[in-house]
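Each chain, written out:
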Amino acid sequence: MPSDIRYPLATHYQERLRSASGLPFENVSMENVLGNHLSARDLGISSDTLVMQAEIAGEAGYLQLSANLLRAAELVRMPDDVLLRVYTALRPRRSTYPELIGLADELENRYEATLVSEMVREAAEVYRGRDLLMGDSQEEKPT
Amino acid sequence: MMSQSSRFAAREKRPINRDTFISEWPEAGLIIVGSPNDPSPSIAIGNGRITEMDGRNEAEFDLIDRFIASRAIDIDVARTAMSTDSLELARMTVDMNVSRVEVARLIAGCSPAKLVEVLSRLNVVEMMMALQKMRLRRSPANQAHVTNRKETPALLAADAAEAALRGFAEVETTVGVSRYAPLNAIAVLVGSQTGRGGVLTQCSVEEELGLRIALKGFTSYAETLSVYGTERTFVDGDDTPWSKAFLASAYASRGVKIRFTSGSGSEALMAHSEGKSMLYLEARSLLIAKASGSQGVQNGSISLIALVMSLPRGLWGVLAENLLAAMLGLELASGNDALSSHSDIRKGAKLMLQFLPGTDLITSGYSLIPKIDNMFGGGNFDSDDLDDWYALQRDMIVDGGIRPVREDEVLAVREEAARAIQAVFRQLDLPAITDDEVERAVTAYDSDDMPDRDRGADVIAADALMAGESSAIDVIKALSSSGFHESSQRVLEMQRQRITGDYLQPSAIFDEEFAVRSVLNDPNDYAGPGTGYRVLDEQRWPAIQDLPFVRNPRDLVPPSREAPLFIEQRNALAGSGTEVVIAVGPAFGSELQATISGWPHRDVITALINGIEEAGVAARIVKVYHSADCAFIGHAAAKLSGCGIGIGIQSKGTTVIHSKRLAPLNNLELFSMAPSLSLESYRAIGHNAASYALGRPVAPVPITIDNTARLRLIVRTTVMHLIETGRIQESKAPVEIEVRKV
Chain C
1 MPSDIRYPLA THYQERLRSA SGLPFENVSM ENVLGNHLSA RDLGISSDTL VMQAEIAGEA
61 GYLQLSANLL RAAELVRMPD DVLLRVYTAL RPRRSTYPEL IGLADELENR YEATLVSEMV
121 REAAEVYRGR DLLMGDSQEE KPT
Chain E
1001 MMSQSSRFAA REKRPINRDT FISEWPEAGL IIVGSPNDPS PSIAIGNGRI TEMDGRNEAE
1061 FDLIDRFIAS RAIDIDVART AMSTDSLELA RMTVDMNVSR VEVARLIAGC SPAKLVEVLS
1121 RLNVVEMMMA LQKMRLRRSP ANQAHVTNRK ETPALLAADA AEAALRGFAE VETTVGVSRY
1181 APLNAIAVLV GSQTGRGGVL TQCSVEEELG LRIALKGFTS YAETLSVYGT ERTFVDGDDT
1241 PWSKAFLASA YASRGVKIRF TSGSGSEALM AHSEGKSMLY LEARSLLIAK ASGSQGVQNG
1301 SISLIALVMS LPRGLWGVLA ENLLAAMLGL ELASGNDALS SHSDIRKGAK LMLQFLPGTD
1361 LITSGYSLIP KIDNMFGGGN FDSDDLDDWY ALQRDMIVDG GIRPVREDEV LAVREEAARA
1421 IQAVFRQLDL PAITDDEVER AVTAYDSDDM PDRDRGADVI AADALMAGES SAIDVIKALS
1481 SSGFHESSQR VLEMQRQRIT GDYLQPSAIF DEEFAVRSVL NDPNDYAGPG TGYRVLDEQR
1541 WPAIQDLPFV RNPRDLVPPS REAPLFIEQR NALAGSGTEV VIAVGPAFGS ELQATISGWP
1601 HRDVITALIN GIEEAGVAAR IVKVYHSADC AFIGHAAAKL SGCGIGIGIQ SKGTTVIHSK
1661 RLAPLNNLEL FSMAPSLSLE SYRAIGHNAA SYALGRPVAP VPITIDNTAR LRLIVRTTVM
1721 HLIETGRIQE SKAPVEIEVR KV
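Protein chains in written order, with the numbering used here: chain C, 1 to 143; chain E, 1001 to 1742.
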């Protein structure tokens, strides 16, 4: 992590920015769009950039936002359909406890998403205690 | 029961009495603050974590307690914050000498119940002071709503372009039929970037669909990630804090800004308030938003505002929750979106709570389209109210986030946007937008003015678009290949900004040069008079005051180009016998030749003379130069009259019947409301003056009272009097005059 990062990156760091695919920022150009040289990932934010933004947010005192951006950095490498699958799995009563633990393992092993998988494991524990796993009845839930 | 009093009956018909007002019902959560079921503030810390919060032990934590306790509250300052007297914290929040950052540092250590206790010590004026200091971004901004019942794309694009031109930083659209979402998102994206570069756009739909649209690059932010203050409400909303937090990270991982939605009333509406007050539950909601890593929220009750405003302290509570968001370091988009009242007075007063202190986005959002086309629940302020908004900005030296525009500019960007979306639909093989649709979208009032589209074909195409690989790249290409190079470049620039991540930081918007403006590079530095965002010091002030409907006062009353009405003779001499002298003001019949009501001076003088002569009395006219004051003009006439009765008339038409036996500022009859005077009135005035001259009993001339006349004409009155006063020659004696023959 360069220690000289300054906000906004578009002004102070542009020449070193790369997109999610590793494409240098300057190559995200109209010329390349029209030449059919760009994919969706070429227009995505990179993990490195999210980590830099997380550091900027943290230094300014926005600690929770910073943590969110670090989780986001892990999700960059995750395909869209996996993102949607994880989100659905975390919604109330969509998953069993073992399914959530399995999902956490998958995120950690396949995508090195340590922070996100920690969060999924935590959700599994909390959901178990609050009847939010698949098969739990809505009616028995304490109010 | 019918009212016996006619005044009570009249009030019952007023708009305010169509609003519902109820008493508190704490068990149902219908209470703004201070429910008997609200807990008292407490925090216990053990082993580096919170083991008790607001009277509840860790083992009893529900989903929300657990999420807040582990993520939202800064344990390092919790002891200090919780042991600081709430009144002291309240005073620090208001005190201009305590910085925003210092307040936020301590507030970060407070439990939900503690936050409510702090807010409870403040009144609305103190909260407005506090909000002025605590809002994140220095420059205020505003958000627009752009929707229509027909979901017709040319109109959506045209309206988004107009919103952008007017300076809205964000444009939010939504759907009637959710399958339309990608089409509406594209229309608003293309339209807004055609109007002005750098506008953020979103499409409010179900969470998963919203994410999928953002993944395609059709939107640049998402706002409707709703959070709630009780577990049951949260789960009924088909989410948990963990799923919501994941969603926040998912959006950020694609470079998309998010803002959570909270706001009083939802728990009561969904019947799961647990008997807690709305403000306490909102404090919990805001802490969830913060704990999830959302950079901001929209709150202020949003769509349930009418429920909140039915209760005592409703608007106090709305401002309290707005302020709390800012105190927690969250970007604040402060409601004022859904219809809040039938009463314009109440709506306008409500708005002032956010408009005057300024928030990051004063509404969330402002209905750029007529209410009838607003798919969000009304549009508290809509396209018809824009000029009111501009006038308020100008009146109070407040930047309400938008700039005035001329009609020709509006029409030009509307047409460009409608043509651009037509081209994009054509290139993406979406159902054609006809030239007729484009043309009508430019000048339409609402979607009734638009031809019907084949909605079946639209949604099938939308489904295919969602299922396929098309993305913002295809939109950029379509615009470029159709010659819309500027729009194309701007849509690309919005994508490029995603790569930088700069607008993921708190309270970020873009200016028209795509320069990001957030709390990090445009922090609110308010610290009392002379600091913070001061409109008069900003480049926007000239635009804010120069409204298209502002008129140059010098042009309000153009000088007369007609030949003078009178031929001047010798200096006027004192008369003898029974006569009425009419004295006119210095500009009468020369620089000015009509009264404020538009009566030609020639006709007025004729009417006065006719009235006098009908009574068998002689009339004589003179022009007074030494005064423009009606009383002195009239008194001069009376002093010249052989029997001491005169009429004085100013150019604007104000008239007096005077007697030389009275003091100048006294009178026999005064007609100060010139706008109410007809030619018949002037005739009657002449007749009465003649009757005084003859010593007959006189019934005063009846006059109509029009209390709106001053409102309508005070500016013209001032200008006319200024012209008359400009003709004064103090040393010049009254001159005998006669009316020039036509």
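Calculated from the structure, these hints are not laboratory results. Some clues are possibly wrong.
Using C-beta positions, here's what the derived DEER-type ranges look like [stated by the list, open to error]:
# : chain 1 : residue 1 : chain 2 : residue 2 : range
1 : E       : Pro1548   : C       : Gly58     : 42 to 50 Å
2 : C       : Pro98     : E       : Gly1048   : 27 to 35 Å
3 : C       : Ser29     : E       : Asp1511   : 39 to 47 Å
Derived contacts from chain E toward chain C, CB cut-off under 8 Å, selection only [as the list claims (entries may be wrong)]:
# : residue
4 : Arg1254
5 : Ala1291
6 : Phe1376
7 : Leu1492
8 : Thr1531
Beta carbons: idealized from backbone N, C-alpha and C, even for Gly.
Quick rundown of the hints versus the structure:
no.: 1; hint: E:Pro1548 with C:Gly58: 42 to 50 Å; verdict: holds, 47 Å
no.: 2; hint: C:Pro98 with E:Gly1048: 27 to 35 Å; verdict: holds, 30 Å
no.: 3; hint: C:Ser29 with E:Asp1511: 39 to 47 Å; verdict: violated, 22 Å
no.: 4; hint: Arg1254; verdict: holds, 6 Å
no.: 5; hint: Ala1291; verdict: holds, 6 Å
no.: 6; hint: Phe1376; verdict: violated, 24 Å
no.: 7; hint: Leu1492; verdict: holds, 6 Å
no.: 8; hint: Thr1531; verdict: violated, 20 Å
The structure fails hints 3, 6 and 8 (numbered hints given earlier, in ascending order).
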